[in-house]
Structures are given as structure tokens and as C-alpha cells.
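Asks: Here's the letter readout for the chains.
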Amino acid sequence: MAQQRAVDTASHNIANANTPGFSRQRVLFTPTAPYTVPAFNRSGLAGQIGTGVIAAAITRVREFVFDVQFRVQSELLGDAATRVATYAQLEAIFNEPGTNGLSALLDRFWRAWQAVTNQPEDLAARSSLVQEATTLAANLNRIRQQLGQIQEDLLHKLRLQTAEVNSIAERVAALNAQITAAIATGQNPNDLIDQRDLLLDQLSQYTGVTARPLPNGSVNLYLGGDPLVDQEQAFALQVTLSSGTASVTWQGSGGTVAIQRGSLAALLELHNTVVPAFRSQIEAIRNALANEVNARHQLGYGLSDPLGPPPGRDFFEILASGDLRVNPALVSDPALIAASSLPDTPGNNDIARQIADLQYALVLNGNTATINDFYNALVARLGGDARQAQVTRENQQTLVQAIDRQRQEITAVSIDEEMANLVKFQHAYQAAARAITVVDEMLDRIINGMGLVGR
Amino acid sequence: MRVTHGMLVDTLLRNLSRNLHRMERVHEQITSAKRLSRPSDDPVGAATVLKLQSASAQIEQYLQNVEHARAWLDLTDQALATIGSAVQRVRELIVQAANDTLSPADRTAIWQELTALQHQIATTGNSAHAGHYLFAGQRTQTPPFDMSSDPPAYQGDAGSLERMIDNGVTIPVNVRGDVVIMPVLNAVKAARDAVSLGDVAAIQTSLNQLDNAHGQLLAAQADVGARVNRLDAQRDRLLDAHTSTLRLLSEAHDTDMAEAVTRFAKEELTYRAALQAGAKAIQPTLADYLR
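The listed protein sequences derive, respectively, from chains Y and R. The numbering used here numbers the first residue of the first sequence as 428 and each following residue consecutively. The numbering used here numbers the first residue of the second sequence as 26 and each following residue consecutively.
Everything labelled a hint here was simulated from the structure, so no lab data went into it. Hints are supplied without guarantee of correctness; some may be wrong.
Unchecked claim - Below, simulated DSBU-like cross-link-like pairs (lysine-lysine); rule was C-alpha separation at most 35 angstroms, straight line: (1) Lys59(R) with Lys291(R); (2) Lys851(Y) with Lys305(R); (3) Lys291(R) with Lys76(R); (4) Lys59(R) with Lys76(R); (5) Lys305(R) with Lys291(R); (6) Lys584(Y) with Lys214(R).
To be verified - If you want the ones that stay clear, here's a sample from chain Y, every Cβ over 12 angstroms from chain R, calculated: (7) Pro524; (8) Pro738; (9) Asp750.
By construction, the Cβ of each residue, glycine as well, lies at the ideal position given by its N, Cα and C atoms.
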């Protein structure tokens, strides 16, 4: 019977060789209590006689230490992987270095102003300036809107992952109930514990959870001191958005959850800090462009403006939506572009030259950077942060894989090993069966062969 | 150490994926011919590329500005030369008219030719470049010389047309009609009046007036020549700067093809070897040999 258990276990191992989170199982054999215990009335036979074997327990082969290490590193991996994905999106939005990025469009905008200084009377040069300015404004708007879109995507991901954490917490609580019930009746619920360990592995990529095993077989989970799972009860999380800042709170009490590490922490930081920072820098560029160009443009005269004070037209307009656009009056009549500092002097390009020279003006970052420099620094910082996230992810991946490998060395099912074990247990089973046959033959001799003398 | 088939397969897949990832990167560098496709490939390099791209765009624009200024000055130079030869002819006629022995018919002929020359000089003074008058100051849309009055009245202003030829450097491209051409026209008008009166002394005075005006004209021509030289020197400097900027840009941005292709071949070799070894390693188990 015991050998049969061992064969069953080996085939269970083989069947689950590719099941995620499965730990190989072993049958603990123990000899049964020997025949005759020492006593005065013991029989006179020599020594104790063994009475065979029983399968005392079926255990998981697993090291708890590696589980803890794996989860800590997996939290950091989840964090870095989330950042890498978002930075890849950000890099795609900025599309640098390229011929259509904002940097190139700024260059073309400044060049268009210089082209106007060459021929301030020329409508073709003015129309082309309007075109370049419109393209520049459209791309600034696009980048701003796409950053907003990314923020929404991040919020959506945050909600999905919070729901996933809730679902894992519920399943852990349910498994806690099954496991404690099984242990209370003296069983070894190996497969259920494997399932729970796998859930904890999955949970670790989302956030750093403290796990505390209880003597009754339950595992309690804590998030920043508050229980996420208390034995058979799970506490649900939710995402709250207040004035653009997202946070994870408890559904019951509404208190903020201290999320540490894991992809949830990364999503919160990206949503609340990183993306808004890029957005505000793009808005700083937009405002500097509009304010500086307008301040000069307002002092100038278009081709058809009469004598008198300057008409004070804006070149750019910032709409209530935050979008930048070229003053529609200039779009419909480029002659109104104020290139001249005097009325009725079409050859005067004073204003156009001042605006073209804005490309060298230190108007951003506390008057220490030109618009182009400021943008280049933004791109460099984006690249640096993205690079750092990539490096961290690769390092964490290597670490997680190394720890997982150590864990696999202990827990993974080796088909060769199980096949060899099968053969071993089969031999034992066969030999035991043969022993029964021998006893059977002996009994046959006694029962059917004795007392027939002289018959 | 225990090694299971699952671990073998995991390791194989992981390494194949890393290998493919590296191949993809090199492949991208080769097909795009760019070393950098996104800022994270090389954050500092990306900022350098942007800076060099801007610098090259600025230089290209300054080159265009220089060409533009050059064309304007060339036309100005031609117009001044045309006026100069007309002045030569005016001078011959005045010297001829100063001769007492001329008959009234001769003087009338001289007067008529002077009138024609005055008209020609004023018309040349109204020459334009792409519809913009050369000698009108900043009032480039108005003919500088009003032909309806005699001598033609100057309608331009005193403005100068500045062109940007480098960061913070501008050069005026125009010559003012009131300073350079108007004195010539006034001298011719004086000569015509003196000739029609037959006043030899006044003719002599107008000759002096013309010589002064001619002197100013020659000075303006010399100034235009000097500005053309300055533009040529600036163009050479910009072209040199452009060449070196493009070279730096290429170093920062372009793929070193020989190196990239070699690297690709190496990655491909590794990939094939990994596939071959992996296919062999993950196949057999003890089950193949148990009967």
C-alpha cells in the first residue's frame, strides 16, 4: 500500500511538471511499530520483528527563504517594468531625435521668421511663416494631449491592477479557509498551499505585501501595517482621484493605503509626478513662446496698418482648453503679421528680427535657458530616466531569474528523477507482492498440506 | 545541483529572447542608418544630436540670408554702374555745352539728350528686386523717384534694410536713393537749366556739382563692393561651419555600418548556435530509454 502511494505521488509530480507554482511532493516512509514490545510476558522469540511500512505523510519540497527573496525582488521588477513601459510611450510621443520632433519644428519656426526678415514685404514668406507656426502649435498641442492620454491610461491600469489585487486577496482568504480546515483534520493540503504561494508570487509584482504565517496554516497579509487578508477575511482596495492626484484607499474605511514598491507604486508615481512634470514643462515652452513672441509682435505694424499707435495684435493665442494656436486673423491675412516697427514701411523688418533672435534669448528655467535648450534638456532627462528604468528592469530580471532558478532547483519536478523513482517504487511493490505470495504459499502448505499423513 | 527539464527550457527561451532582442537593436541601427532611435539609446547623445540639428538648421538659414543679401547687393551694384556710365555721358555733354561756340540747335540737342539721361538715371533709381525697390529705404513698395516732377522727387525714407547673417550680426543691404542718386539728378537738372539759358558760368557750376555727386556714387559703389566681400567671407565661414556641424552630427547620429554589420553577423551566429544546442538539449528524457 505504501509503495502504491509513492507511485501515485510520482505520477502526480509528473502530471504537474509544468504547472506553475507546483512544488514536487515526497512520501515520507516510516516503519510501522515492531511486533512484540519489551515485557515480562513477551514471547521467547529473538528480538523484535518489523511489521512493515506506512506512508506517514506526503510533503512539499520547498524552501520558504527563497519565496521571500523572490517576492521582494519581484516587487522591484514590477516597479521597473511598469516604468519602462510608460517611458517607452513617452519616448514615442516626443519622437526624438528626428526630423519631425518639436526641436526640428522650433528650428523651422525660427527659420521662417528669418525668411520674413529677408523679404518682409513678401506674402509668400509670411504665409510660410503662418504654416510653420501652425505646425509647431499643433505639435505642442498633440504632445500635451497625449501626455494627458497617458495619464488616463495609467489611471486605468491602476484601477485594473487594484481590482487584480482585490481578487488575489479574496482567493488567498478562501484558500486560507480550505487550508486551515484540512490541517485541522490532520491532512497535508500541499496543492492548496502551492496555489496560495503562487498567488503571493503574483501579488508581489503589484505591491510590497508583508506575509505572516499563522500556526493554524493561514497566512495573513499586511499593507503598510493594515491587514489586506486576515485569515478568512479579505479587505478590498479602491482607487481614489482627488484634484488630479490618484491614491489607493481602503474600500471600507477610506483611509489611504501605504503602497510600497511594486507596479502600483510605480503607477502612482508616474501618474501623480512624472507625467505631470513633463506636461508642465511642455506648457512652460508653450507659454514662453506665446508670451515672448506676442510681447514683440504687439509693438509692430502689419503691411497695411495705418499711421498711429501699433494695433497690438497677438501672434499666438492660448485657448481656454490650453491649446496654442496662431491668431486666426493672421492666418487669413498674413499681411497683418507685424514685421515692421514703423507704419507704412514694408521694408522694415525690426520686429521680425527681434522675434527671430528669440531663439537665442534666455527666457526659460529662470532666464537661464533658451526654448530649444530647455526642450533638449527635457529630452535628455526623459532619455536618462528611461535608460535607468531599463537598466533597473534588466538587473531585477536577472535577480528574479537567479532566485527563481535556486527555487526551481529545489522544488521543480525532474521527469528523469520521477521516472527513476517510479521504477524504484515499482520494484519495491513487486518485491512486496512476491513476499505476500511466499506467505501465501507457506499458508497453503500449512492449511492444505498438513494432517494428511498416510492418506 | 538539481537541473530539471523545465529549467532547461526556461533558460533556453530566456537566452533566445535576449539574443533576438540584441539582434533587433542592431538590425534597427542598420536599417534606419541611425545609431540613436530614441533618447534612452543614449540620453546625452540625443541632446547633442538635437543641438547639432538646430545648429545646422541655423547655419543653413544664415546661408540663405547671405545669398539673399548678396543678390540684393549685386543688383544694386549693377544699377549704380549703369548710373555711373550715364553720369560719364552727362559729363561729356556738359563739357561740350560749356563751349561758347555752340549754336542754339546744338544746345537744344544737348538739352534733349541730358533730359533723356536724367530720365534714364531716375528709372534706374527705380529698379526693383523681386518687386521691392532697391533705393527706397524701407518704403520698398513705393517707387523712390516720382517721375511726374522735375527733377524726380525722392519718396523713399532714410531706413536701412538689415539682413541677419549670423547670431547677433546684421548687415545693411540697401543704398539710399536720396543720398546717392538724388545729387546726380539735381546736378543734371541744374545742367539742363543752365544749358537752356546758355549760361556758361552756371554750366561750369553744374559740372562741379556733378563731379561731387559722381564722387559720392563711386564711394557708394566701393561700399557695396566691400559689403559683397564681407558677405562672401561670411558665406565661406558658414559653409565651413556647416561641413563640420554635419560631420559631428553624423558621428553622433549615424550608424557605423561596418561595425554594425559585423555585430549583426556575430549575433546571428550566436542565435543559430543557441537554437541548435537548445533543440538537442531539451529533447531526451529517461523515458526514451525505459522499456
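Asks: Please write out, lowest number first, the hints stated earlier that are contradicted by the structure.
Replies: Of the numbered hints given earlier, those the structure breaks are 6 and 7, listed in rising order.
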